[in-house]
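*Asks:* These protein sequence lines map, in sequence, to chains L and Z.
Heads up, our numbering is the position in the first sequence plus 52, with the first residue counted as 1.
Heads up, our numbering is the position in the second sequence plus 41, with the first residue counted as 1.
There's no promise every hint is true.
Stated by the list, open to error - Just the calculated beta-carbon pair ranges, DEER-fashion: (1) Gly140/Z x Leu142/L: 54 to 60 angstroms; (2) Leu99/L x Thr144/Z: 28 to 34 angstroms; (3) Glu101/Z x Arg196/L: 19 to 25 angstroms; (4) Glu101/Z x Arg288/L: 36 to 42 angstroms; (5) Thr144/Z x His101/L: 27 to 33 angstroms; (6) His101/L x Pro143/Z: 38 to 44 angstroms.
What the hints assert, rightly or not - Negatives, chain Z to chain L, calculated, CB over 12 angstroms: (7) Val57; (8) Pro59; (9) Val85; (10) Asp86; (11) Glu94; (12) Val109; (13) Glu141; (14) Ser149; (15) Glu152; (16) Ala155; (17) Arg190; (18) Glu196; (19) Pro198; (20) Glu203.
Said to hold, decoys possible - Listed next, the in silico SDA-like pairs over lysine to any residue satisfying Cα-Cα at most 25 angstroms (straight line): (21) Lys140/L x Asp184/L; (22) Lys140/L x Glu170/Z; (23) Lys93/L x Lys181/Z; (24) Lys181/Z x Asp184/L; (25) Lys100/L x Pro143/Z; (26) Lys93/L x Pro223/Z; (27) Lys93/L x Asp143/L; (28) Lys100/L x Val174/Z; (29) Lys181/Z x Glu128/L; (30) Lys93/L x Glu128/L; (31) Lys100/L x Gln120/L.
Just so you know, the hints here were simulated from the structure itself, not pulled from any lab data.
This one's a predicted model, so the numbers in the text were calculated from it and none came from an experiment.
We put the beta carbon where it would ideally sit given N, CA and C, even for glycine.
One-letter residues, chain by chain:
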Amino acid sequence: MAEPARALASGHVPGLPGLGAWTVHTDVFDGPLDLLLHLVKRDGIDLKHLPIARVCDAYLDFLERLRQVDLNVASEYLVMAATLCHLKSLDLLPRKPTAIAETEEEEEDPRERFARRLEEYDLLRRRAEALDRQPMIGRDTFVRAQGLPNAAEVLDPTVDAFGLLEIYHAILIRADEPDAVVRFGESGPDFATCARFVLDALGGPGGTEELGMILGRWQRRIERVLTFLAVLEMARLGWIGLDQRAHLGPVTVVAKVASDVDLSQLTTWVEKRDAPPPEDDA
Amino acid sequence: MSDTIAPDLEEVPQWVAPTGDDLVGAIEAMLFASGDPLPLSTLVDALAGPSEEDVRAALERLRSACRVPGRGLRLEEVATGWQLRTDVRFAPAVLRLRGERPTRLSRSALEVLALVAYEQPVTRTQIEEVRGVRSGPVLKGLLDRGLVRVCGRREEPGRPLEYGTTDLFLETFGLPGLRALPALAERDELD
Numbered sequence: 053m054a055e056p057a058r059a060l061a062s063g064h065v066p067g068l069p070g071l072g073a074w075t076v077h078t079d080v081f082d083g084p085l086d087l088l089l090h091l092v093k094r095d096g097i098d099l100k101h102l103p104i105a106r107v108c109d110a111y112l113d114f115l116e117r118l119r120q121v122d123l124n125v126a127s128e129y130l131v132m133a134a135t136l137c138h139l140k141s142l143d144l145l146p147r148k149p150t151a152i153a154e155t156e157e158e159e160e161d162p163r164e165r166f167a168r169r170l171e172e173y174d175l176l177r178r179r180a181e182a183l184d185r186q187p188m189i190g191r192d193t194f195v196r197a198q199g200l201p202n203a204a205e206v207l208d209p210t211v212d213a214f215g216l217l218e219i220y221h222a223i224l225i226r227a228d229e230p231d232a233v234v235r236f237g238e239s240g241p242d243f244a245t246c247a248r249f250v251l252d253a254l255g256g257p258g259g260t261e262e263l264g265m266i267l268g269r270w271q272r273r274i275e276r277v278l279t280f281l282a283v284l285e286m287a288r289l290g291w292i293g294l295d296q297r298a299h300l301g302p303v304t305v306v307a308k309v310a311s312d313v314d315l316s317q318l319t320t321w322v323e324k325r326d327a328p329p330p331e332d333d334a
Numbered sequence: 042m043s044d045t046i047a048p049d050l051e052e053v054p055q056w057v058a059p060t061g062d063d064l065v066g067a068i069e070a071m072l073f074a075s076g077d078p079l080p081l082s083t084l085v086d087a088l089a090g091p092s093e094e095d096v097r098a099a100l101e102r103l104r105s106a107c108r109v110p111g112r113g114l115r116l117e118e119v120a121t122g123w124q125l126r127t128d129v130r131f132a133p134a135v136l137r138l139r140g141e142r143p144t145r146l147s148r149s150a151l152e153v154l155a156l157v158a159y160e161q162p163v164t165r166t167q168i169e170e171v172r173g174v175r176s177g178p179v180l181k182g183l184l185d186r187g188l189v190r191v192c193g194r195r196e197e198p199g200r201p202l203e204y205g206t207t208d209l210f211l212e213t214f215g216l217p218g219l220r221a222l223p224a225l226a227e228r229d230e231l232d
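So here's chain Z without its partners, still in its complex pose (with noise of 0.2 angstroms):
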């Protein structure tokens, strides 16, 4: 059994590239099958025929079906790929489903996650210096929880530890990348 998420193409010798509504039909199949957010690359490699140019057109196509109402999925581009995910609007009925109560972020870890997203790489003092109150545990909490790594040492006295996302930090909370953080319209966002 083959580890890669691509099939070993060689040993299927009928294999015909799909087109048009065909290959949107077979990225949707491929993702859904996936599970994890599947990189623009490995689509490609995968469908062996099509371009990326094709593969991107035909999941800008999906996207766009998924929009259509009465549909529960939405196609996401997060830092790692493309992904199926349920639609917003829907979280309370797959909640149900799963007994589960939704994942919530106190407001201190979210703070803390804001700094380090924002400002990374930041030692854990700059982050108790902006928050005024104690931020070890709750920075320990984001690194067990995978949000936060360590990536690297400041050059500086005691060369403490410094702080940064991770990709699952992009992935929750459904982001390409860190550019596309909120950004906040008032000014002094600038400085």
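Only chain L is shown next, with the shape it has when bound in the complex (with noise of 0.2 angstroms):
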């Protein structure tokens, strides 16, 4: 994009001829008060001591040669231009009688108002300039990176609630069967039966799967409904852990036992949930 705007403002573009109206974006001036900084440093001209007629001519040329070129000029380039000539017309015309001068003694001389206003501007760039030169984390400089978490750490903490859920209505309610049957007196496979699926699934310790594709692989809605309770279970017991790399990504899980683990003290969760409550709690 840079090359070939630059090779427009020159005028010279090969292999390009006669194509009529261009619509080229200039990036090379960052608008009216940066060309004007250009052109005032390029002619060696003072900011101090501004000569209003000499800066308006050296701007009108070049908006003049950009024009040349079929440049779109942005209408702030213009504003600035018609600001430049207005400027320029109180150095040529005489000075106002004095009784009015009086009244607007208290008031700043435009040109000198624009004068300030270009040292302002030169002053921030200088700034930016200034903090461009700090040395940059990322550029300059690096922090060590939190290293990238290996099968065996937890990972829990980088999938957020939304991806989970996200998954939830795309696997579970969204894609459920096509013809939505109601069965009654028909229970689904046991907690056990789907926390077993998952972790055959993942093949021991360190396999991983996405959970879209496990949960897939069920045909029916309540059968992918528990897997999904099994992983969130198995989770918190810290025996898969759950990946998600990228907001509202796929979520990868991962094992961390054996695929034989004793399933037992998964299913005394789902037992005791439904069991009564102990006396002694009561």
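Assembling the complex is the task here: the two chains are given apart, and the hints tell you how they should meet.
*Replies:* This is the structure in structure tokens:
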């Protein structure tokens, strides 16, 4: 983008003759003040004693050259041109009668105001350059990266609730059986079977599989719901890790235990939940 | 597992606070393990023994030890504490390792950032007046990157938002505080 723009600005466009109307957005100058500052610096003009007429001519000359190569000039550049012409006219016209001048004495000369504005912008530019010379993280200096978690580490914090909710909707709700049939008296697989199914799919410590893939292998919703719950419960117990690299991205399940792990801990939880509360708790 | 950087020292009765060379080494180890900037107070608390002056002196020793030729790390004091950072000279090596291109801010982003940093709090209108161009998208980009934050509303018609820089800004540019912003030599910096 920058190269063709520069080629156009220079008026030489090899191999592209007579293409008619160009619409080129030039990033070379960052606004009219930037262009003005460039011209002032180029001509070695002292900002403290700004010759308005000379600056105005240089500016209009530059805009004219941009026009000749058919560069679209943004409106703010034209506003600046008008401002400069107005300021130049103040230089050429005689001073106003003293009676009026007295009342206007408190008001700042627009030429001084303009010169100060340019100085202010110049100061900002130099400050920006000074800031750019500071050693910057990611460019000049680096800090210790938080190492990529390996499969054995706890990965749970890297998955967000929205990621799980997304999967819940995509796999469990929306992608339900095409012919939704209400079934009575039919119980789904038990919790342990679903947990074992997940662990088998992972195939031992370090094994990974995408959560959506695991759930997708079940035909029925109840099976997927139970498997989803089993995944959450096993993550809570630290048997598996959940990893999500991008917000709303796919969630990967990582096994941390062997696939033939004793599931009694898991099923106890389910039984405990279903059983009436123990009496000593009451 | 504890969320704090300092271990639960009461459960480690055999802890003997390091002194001398060991204090410098311990601090280096802690800084490396942390990665993030560590405030002096955090170091003092975790070491449980050496005074604040001792720790500060050890930090200064570590800082000069890092300046020895042949070392790739520097110890810097930034807004939020002390941090080990790679030497500027070896940035290309780190970038090659990571296979990354250096993070760069565009010239307009630098201008807006400089204005906010030096003149804060500022409003968007102020920024646009000085720069002479619309600056909303650039400002939003800086907000998204966490370098600039909304720090209030100005009591004037419209109650416009006021912007200032964040700790992340100071960290990113290796500054201990806003006073450490590079000063310009010219006289007009004064007014």
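*Asks:* Checking the smallest CB distance to chain L, is alanine 155/Z really beyond 12 angstroms?
*Replies:* Check fails; 4 angstroms does not lie beyond 12 angstroms.
*Asks:* Given the hinted pair lysine 100/L and valine 174/Z, is their alpha-carbon gap at most 25 angstroms?
*Replies:* holds, 23 angstroms
*Asks:* Verify that the Cβ of proline 59/Z lies farther than 12 angstroms from every Cβ atom of chain L, and report whether the claim holds or is violated.
*Replies:* Per Cβ check, proline 59/Z is outside 12 angstroms of chain L; nearest 22 angstroms; holds.
*Asks:* Can we confirm that no CB of chain L comes within 12 angstroms of the CB of glutamate 196/Z?
*Replies:* Nearest chain L Cβ is 24 angstroms from glutamate 196/Z, so the label holds.
*Asks:* Find the nearest Cβ of chain L to the Cβ of glutamate 152/Z and say whether that gap is larger than 12 angstroms.
*Replies:* violated, 5 angstroms
*Asks:* Is the nearest Cβ of chain L still more than 12 angstroms from the Cβ of glutamate 141/Z?
*Replies:* It is violated; glutamate 141/Z is separated from chain L by about 8 angstroms at its closest Cβ, not greater than 12 angstroms.
*Asks:* Examine each Cβ of chain L, and state whether all of them lie more than 12 angstroms from the Cβ of aspartate 86/Z.
*Replies:* holds, 21 angstroms
*Asks:* Checking one constraint from the list: CA of lysine 181/Z to CA of aspartate 184/L, max 25 angstroms. Satisfied?
*Replies:* holds, 19 angstroms
*Asks:* Minimum C-beta separation from valine 109/Z to chain L exceeding 12 angstroms: can you confirm that?
*Replies:* holds, 18 angstroms
*Asks:* Minimum C-beta separation from valine 85/Z to chain L exceeding 12 angstroms: can you confirm that?
*Replies:* Consistent with the label, valine 85/Z stays out of reach of chain L, its closest Cβ about 22 angstroms off (over 12 angstroms).
*Asks:* Is the Cα-Cα distance between lysine 100/L and proline 143/Z 25 angstroms or less?
*Replies:* Measuring from Cα to Cα gives roughly 38 angstroms; hence the hint is violated.
*Asks:* Assess, step by step, whether the Cα of lysine 140/L is no farther than 25 angstroms from the Cα of glutamate 170/Z, and give holds or violated.
*Replies:* holds, 22 angstroms
Against the hints set out earlier in the document, violations occur for numbers 4, 5, 13, 14, 15, 16, 21, 23, 25 and 31.
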